[in-house]
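Enquirer: Line by line, the protein sequences are chains D and V. Numbered per our numbering, the first sequence finishes at 585, counting up by one with no gaps. Numbered per our numbering, the second sequence finishes at 154, counting up by one with no gaps.
In case anyone wonders, no lab produced these hints; they're calculated from the structure. Note that the Cβ used here is the ideal one computed from N, Cα and C, for glycine as well. Just so you know, not all the hints are guaranteed correct.
[What the hints assert, rightly or not] In silico DSBU-like links for lysine-lysine, alpha-carbon gap of 30 Å or less:
#1 D:K530 with V:K149
#2 V:K88 with V:K27
#3 V:K88 with D:K530
[Stated by the list, open to error] Interface residues of chain D toward chain V, partial, derived using beta-carbon atoms under 10 Å:
#4 G311
#5 P350
#6 E353
#7 F355
#8 I527
#9 F532
#10 G534
#11 D535
#12 I536
#13 R537
#14 K543
#15 E548
#16 E549
#17 E561
#18 P569
#19 V570
In case you want the letters, here they are:
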Amino acid sequence: METYYWNKELETIDQASLEDLQLKLLRDTVQAALKTPFYRNRLKKAGINSGDDIRSLQDLQRIPFTTKDDLREGYPTGLLAVDLAEVVRIHTSSGTTGTPTVIYHTKEDLDNWTELVCRCIVATGATREDVFQNTMSYGLFTGGLGLHYGAERLGMTVIPVGSGNTRRQIQLMKDFKTTVIHATPSYMLHIYSKLNEFKIPLNELFLKKAYLGAEPYSENTRRKIEEFFHIDVYNSYGLSEMNGPGVSFECIHKCGMHTWEDSYLLEIIDPKTTRTLSEEHEGEIVLTNLRRRATPLLRYRTRDLAFIHKGKCKCRRTHHRLSRITGRTDDMLIVNGVNVYPSQIEEVVMRIPQVGTNYQICLEKDGTLDKIIVKVEIYSKLFTGDIRQLDALKAKINEELRAAIIISPIVELHEPGSLPVSEGKAKRVVDSRIKL
Amino acid sequence: MPRQLNIFIENRPGRLKSVTEILSQGNINIIAFTIQDRGDFGVMKLLVDKPDVAHLALADKGFACVLKDILVVSIQDKPGNLNKLASLLLKHNINIIDTHGFVIEPGNRGICCIESAGAENANITKILEKEGFGVLGDKEISEL
Numbered sequence: 150m151e152t153y154y155w156n157k158e159l160e161t162i163d164q165a166s167l168e169d170l171q172l173k174l175l176r177d178t179v180q181a182a183l184k185t186p187f188y189r190n191r192l193k194k195a196g197i198n199s200g201d202d203i204r205s206l207q208d209l210q211r212i213p214f215t216t217k218d219d220l221r222e223g224y225p226t227g228l229l230a231v232d233l234a235e236v237v238r239i240h241t242s243s244g245t246t247g248t249p250t251v252i253y254h255t256k257e258d259l260d261n262w263t264e265l266v267c268r269c270i271v272a273t274g275a276t277r278e279d280v281f282q283n284t285m286s287y288g289l290f291t292g293g294l295g296l297h298y299g300a301e302r303l304g305m306t307v308i309p310v311g312s313g314n315t316r317r318q319i320q321l322m323k324d325f326k327t328t329v330i331h332a333t334p335s336y337m338l339h340i341y342s343k344l345n346e347f348k349i350p351l352n353e354l355f356l357k358k359a360y361l362g363a364e365p366y367s368e369n370t371r372r373k374i375e376e377f378f379h380i381d382v383y384n385s386y387g388l389s390e391m392n393g394p395g396v397s398f399e400c401i402h403k404c405g406m407h408t409w410e411d412s413y414l415l416e417i418i419d420p421k422t423t424r425t426l427s428e429e430h431e432g433e434i435v436l437t438n439l440r441r442r443a444t445p446l447l448r449y450r451t452r453d454l455a456f457i458h459k460g461k462c463k464c465r466r467t468h469h470r471l472s473r474i475t476g477r478t479d480d481m482l483i484v485n486g487v488n489v490y491p492s493q494i495e496e497v498v499m500r501i502p503q504v505g506t507n508y509q510i511c512l513e514k515d516g517t518l519d520k521i522i523v524k525v526e527i528y529s530k531l532f533t534g535d536i537r538q539l540d541a542l543k544a545k546i547n548e549e550l551r552a553a554i555i556i557s558p559i560v561e562l563h564e565p566g567s568l569p570v571s572e573g574k575a576k577r578v579v580d581s582r583i584k585l
Numbered sequence: 011m012p013r014q015l016n017i018f019i020e021n022r023p024g025r026l027k028s029v030t031e032i033l034s035q036g037n038i039n040i041i042a043f044t045i046q047d048r049g050d051f052g053v054m055k056l057l058v059d060k061p062d063v064a065h066l067a068l069a070d071k072g073f074a075c076v077l078k079d080i081l082v083v084s085i086q087d088k089p090g091n092l093n094k095l096a097s098l099l100l101k102h103n104i105n106i107i108d109t110h111g112f113v114i115e116p117g118n119r120g121i122c123c124i125e126s127a128g129a130e131n132a133n134i135t136k137i138l139e140k141e142g143f144g145v146l147g148d149k150e151i152s153e154l
């Protein structure tokens, strides 16, 4: 199999040159970060007053970690490092307690992100001859736009269909001979389960590759999807705080995701002690932007768990390979690829006066897709005896939850005192989904 | 106005029984009932002989329930009379939110329970009585 590169020089850079480049870019990034109120304050306390205070890559250890909570507290402009006029795009994600987080991008930032996505696509052997169907959501969610621009720059034929409407997805796949699809693993399985219903047999499709990400899945699921569709499945990793997809991606050898280390400093730490872990030890992924100027993040704790593979890849890319995401350090739920924190749901249901003291979040599978059911007890003192009040309450909870967590839940009303009472630390999430 | 006991209940096995059990323990007589169903839950509406006692007993057990003022109309059981009642209410701008009825003496007398908007203000009792309907109070209901 021949290996293609988008940027051979950077993708196969030797370790010494990579480290030189990383040091230079880290200094620039620290210098940029010092323009933000958040980092100015924090870095000064660590004795870092300018980029030049970073003498070697070892000095990275002097920089404190940045967390999701920091982003939340810095909302909306606490971590903005450039003049707003320089910003050409904003991506926000829903925060853990209703406060969103925001990432700003300059034109150059988007350009760099797009370059990384091009590398990812080319690493899988795809070319401008391919027809790329993007089933990830467009908009504030980074999954759609991120891959889109990379695919366009590479010159692929892009179908920006976005998420949902499976019938249309399959019709488009057939009519335009889609060869590469970008989806969540559960959506891919969902498409498969619908082929019969829509009477489009597999041999009328031209699919060759799928880029799957946004939710954790196992090697078995990869194999299953590959066998179902007779295609190659490539694992993709990214997060909105680090632009989105394009942080790590598998090459044709499918043996871990190359993490573009000229753009991200990759660390794996023990989430409890925060000590740096060596290769092959599972821990929390910590990433530092090296090229983003509008919102530079230093040592961002992703809360995703993974490990770094040892040794070189046959593709001769020198960038380290990250394992599949094996879990989370927090209670974040991934529902059809969308990140949901139980606290976001709690925040919504508990501010509605007609809701009583107890609620429960249930996750189930509906076919291969996830279904989130929010059960709430009604507050007896505010019950008016009118069923229209209950209908309106249900609609209101649904609407407010959808605004907070992006996806639409199923809301169930329950009698006061009927939901299980959790002792001690509330265990309000019942996840009965079978792991993919 | 007489009152109807409206109770929020989930639609799952055993919920109706838990209501009737409490009422039975309180020696409450159920005169009429209906359920407005929404699939996974509903509102049960009861006409009982001792509404206050029933309300307290259920609330005590944690039920979301409330006493609602309703119009209880006694109608002669013959064709066209419900139409006559509905027309009268419409004429006087009384909107029926929910209603249920039952025959108490076949061929002779039926009862219509009406949750409405506008009945509190209007002098509806007089209007209905003038047209030959009976309007019942708590005491008369308990004696049904």
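Enquirer: Checking against the hints above, which ones are violated?
Expert: 2, 3, 4, 5, 6, 7, 15, 16, 18, 19
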